[in-house]
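**Student:** Listed here are the chains, written in short residue letters.
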Amino acid sequence: MRMKQLALGVALAGIMAAPALAQNSIFVPLLTYRTGPFSNSGIPIANGMHDYLAMLNERDGGIGGVKLAIEECETGYKNEKGVECYEALKSKKPVVVNPYSTGITLALIPKASVDHIPILSMAYGLSASAQGQDFPWIFNPPATYWDGLSMIIKYIADKEGGLANLKGKTIGYIYFDGGYGLEPIPLLDQLAKDYGFTVKKYPVPPADMQNQSGLWLNVRRDRPAWMIMWGWGAMNPTAVQEAAKINYPMDHMIGVWWSGSEDDARPAGAGGKGYLSLNFNSVGANYPAIQDIQKYVIDKGNSQTAKDKVGDNFYNRGVMNSVIIAEAIRNAQQLTGKKEVNAEDLRRGFETLKITPERWKELGLEGFAGPVNVTCTDHNGHHAAYVQQWDGTKWVKVSDWITPMKDKVQPLLDAAAQDYVTKNQPWPKRTEACDKSS
Amino acid sequence: MDLLYQIFVDPFVQMGTAPDLLVQTLWEGLVSGVLYALIALGFVLIFKASGVFNFAQGIMVVFAALTLVGLYEKGVPAFLALALTIVVMLGLAVLVERLMLRPLVNQPDIVLFMATFGLTYVLIGLGEIIFGGDPKVMIADQLYLPRGAIDVNMLGGFVSLQKIDIAAAIIASLMVAGLAVVFQKTRIGRALRAVADSHKAALSVGISLEQIWVVVWFAAGIVALATGIMWGARSNVSFALEIVSLKALPVLILGGLTSIPGAIVGGIIIGVGEKLGEFYWGPLLGSGIESWLAYVIALIFLLFRPQGLFGERIIERI
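Line by line, the protein sequences give chains F and C.
Using the numbering used here, you'd call the opening residue of the first sequence number 1 and step up by one each time.
Using the numbering used here, you'd call the opening residue of the second sequence number 1 and step up by one each time.
Honestly, the hints are just simulated from the structure, not real lab data.
Keep in mind that a hint or two might mislead.
[Said to hold, decoys possible] Selected chain F positions facing chain C (in silico; Cβ < 8 angstroms):
#, residue
1, R34
2, D177
3, V204
4, P205
5, G214
6, R221
7, A234
8, Q241
9, R266
The beta-carbon is built from N, C-alpha and C at its ideal position, and this holds for glycine as well.
Model the full assembly from the supplied sequences, consistent with the hints where possible.
**Tutor:** Shown next, in the form of structure tokens:
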């Protein structure tokens with residue numbers, strides 16, 4: 001009898017608890033990779049994303065009084081595992097999915113567009129998905145890879161005395177030989193044609209991320225005036241070390257924002273000094289919001305972050321990713337008047353997202369990043385980034401904010417979006433209305 | 001015509017006009033080759049003694065390197081950490097023999113092979129739980145491994161020899177020579193060879209299979225540690241090192257699974273071949289060809305010697 005009562009009690013408790021959990025939280029899954037060859041890049045980002053959302057739960061009781069249900073799914077940066085995670089999480093009604101991999105994003109774009117789940121690929125993924133008209137469910141602020149590449153070319157041109165001086169120069173492009181590294185190539189080829197420079201491409205296959213000496217001998221022979229890097233995971237520190245090994249001038253080697261963590265430059269020791277990379281968030285822990293993360297999450301033992309890693313570049317990148325999610329949720333709550341927003345509400349929240357410098361300040365992150373402005377038609381914003389330089393121990397900002405070459409990027413984006421839609425017929429036509437505030 | 005020129009003439013013209021780059025390429029190939037040989041040696045040792053293709057050899061490289069750096073980060077002095085890592089690899093060998101090999105005696109080879117898959121995942125999980133997935137910087141300075149480069153002016157240019165690469169080549173060569181001596185000249189080496197030839201015959205003359213298995217897995221563990229230190233110093237210590245270990249596969253195809261000289265010669269042929277191929281012919285094919293070129297080189301050799309360079313020719317009566 002007692003056993004029967006106990007079983008009944010447990011069953012009832014389960015029935016009552018399940019809807020309570022479902023009704024009183026907003027489900028935010030995080031696709032992360034804390035294991036495998038890309039974990040050096042994946043871990044700090046996963047920590048930053050988790051810790052900021054966890055801090056909101058602890059400090060503010062969630063967003064608008066509703067707690068965030070955070071769940072990580074380990075992808076190992078593998079496309080098939082990412083899709084598996086997405087399918088498993090879909091039934092739990094996520095309000096947004098962060099793939100944290102261009103390959104996974106490319107695989108999820110067609111699915112999410114049918115399932116009506118927003119995908120946030122913050123400054124990665126398919127550049128063309130910035131077109132809100134064709135990709136109403138995909139968001140990639142604050143800048144696309146093509147924006148990033150055009151900013152790098154502008155920076156190089158500035159150092160060379162103007163875009164006209166690029167004529168006749170050779171620029172090397174070393175990249176991860178996958179969806180991520182291949183993404184900016186169409187624009188690079190176009191810019192080479194427009195400005196008369198030659199591009200030498202050096203693809204790094206995933207299996208040879210830590211075995212690049214042959215490729216860098218090619219660099220030594222070709223002597224490119226500048227090297228641009230689109231690396232990730234273990235590829236980055238290896239490339240920086242190999243560049244130092246062939247005495248390549250490090251202040252002429254510039255990585256995209258995903259090739260600029262402390263752990264990318266540090267292993268090269270003194271040889272890595274001078275290495276450059278783009279960035280769109282600040283480095284350091286001296287922000288009230290990050291102090292709150294320390295106080296409410298890390299000090300309480302609710303984080304996997306080592307204390308000395310708080311404020312590292314990729315940790316802050318993860319924080320910024322979660323700020324964008326949180327602000328979109330807040331926005332959606334204001335738009336709809338609902339506290340427990342769903343995926344459709346969040347899509348509207350993203351399409352009206354505006355993080356002004358004043359708002360960054362209110363968030364306790366004054367000067368942490370540039371303004372973010374997403375609209376119904378522009379899901380990216382094409383915002384500026386700056387160049388940072390490794391001084392041997394830390395990153396130092398060495399340029400002003402550089403805006404992308406919109407005149408070059410936009411026509412290509414439009415054409416690429418059109419091309420994508422044509423090749424993926426029947427592509428769902430946008431039926432979602434734009435909000436007035438967008 | 002232009003393509004034929006680029007394939008058959010231009011590379012050799014380049015070799016002649018920039019001989020310093022040829023020497024540099026050969027040197028890079030030699031260093032990579034020696035390291036490939038070292039990884040391949042780990043596979044060969046275990047295969048010879050137990051007939052098992054040890055899929056876990058790659059993760060053993062990561063596990064050994066992580067243990068070394070992890071212990072150092074916990075405050076253990078570098079050389080003590082090195083000694084303790086050797087003890088850990090011995091412990092691993094004992095556990096593998098007790099928990100994996102002994103219960104699977106007399107099972108088909110494929111069962112043992114699959115068991116090494118399981119071991120791979122156990123070591124990945126264990127490594128991540130104990131040391132985390134963060135990359136670590138190899139304690140090269142603390143182990144007095146040299147840093148920096150020696151630039152030699154020669155042949156109208158310069159050849160840059162990284163001191164760590166020189167050290168890697170010397171240490172790997174010494175290890176290979178040491179293992180060869182152990183195999184040829186010592187009692188345990190003779191026992192190993194006897195086991196490699198025939199388990200049953202070895203047992204009949206009183207050789208303990210269990211002991212031999214522990215010895216070879218331990219030797220493979222030491223080889224993994226040396227590889228992890230050298231490769232970790234060239235990049236960093238992370239789980240990506242496991243992928244580098246797969247480079248041993250074309251070496252094994254080429255050198256044969258049972259031959260120590262095969263692993264050495266095969267490693268050097270693959271290392272030098274892929275660097276020459278990448279440097280002189282890579283740009284024709286869009287560069288980044290090393291990952292598959294190694295297999296092409298191995299397959300070309302196999303056309304002429306199906307058993308590998310030094311592998312045993314298996315003749316079976318039907």
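**Student:** The structure should be examined with respect to each hint, and the outcome stated for every one.
**Tutor:** Consistency of the hints with the structure:
no. : hint : result
1   : R34  : holds, 5 angstroms
2   : D177 : holds, 6 angstroms
3   : V204 : holds, 6 angstroms
4   : P205 : holds, 4 angstroms
5   : G214 : holds, 4 angstroms
6   : R221 : holds, 6 angstroms
7   : A234 : holds, 3 angstroms
8   : Q241 : holds, 6 angstroms
9   : R266 : holds, 7 angstroms
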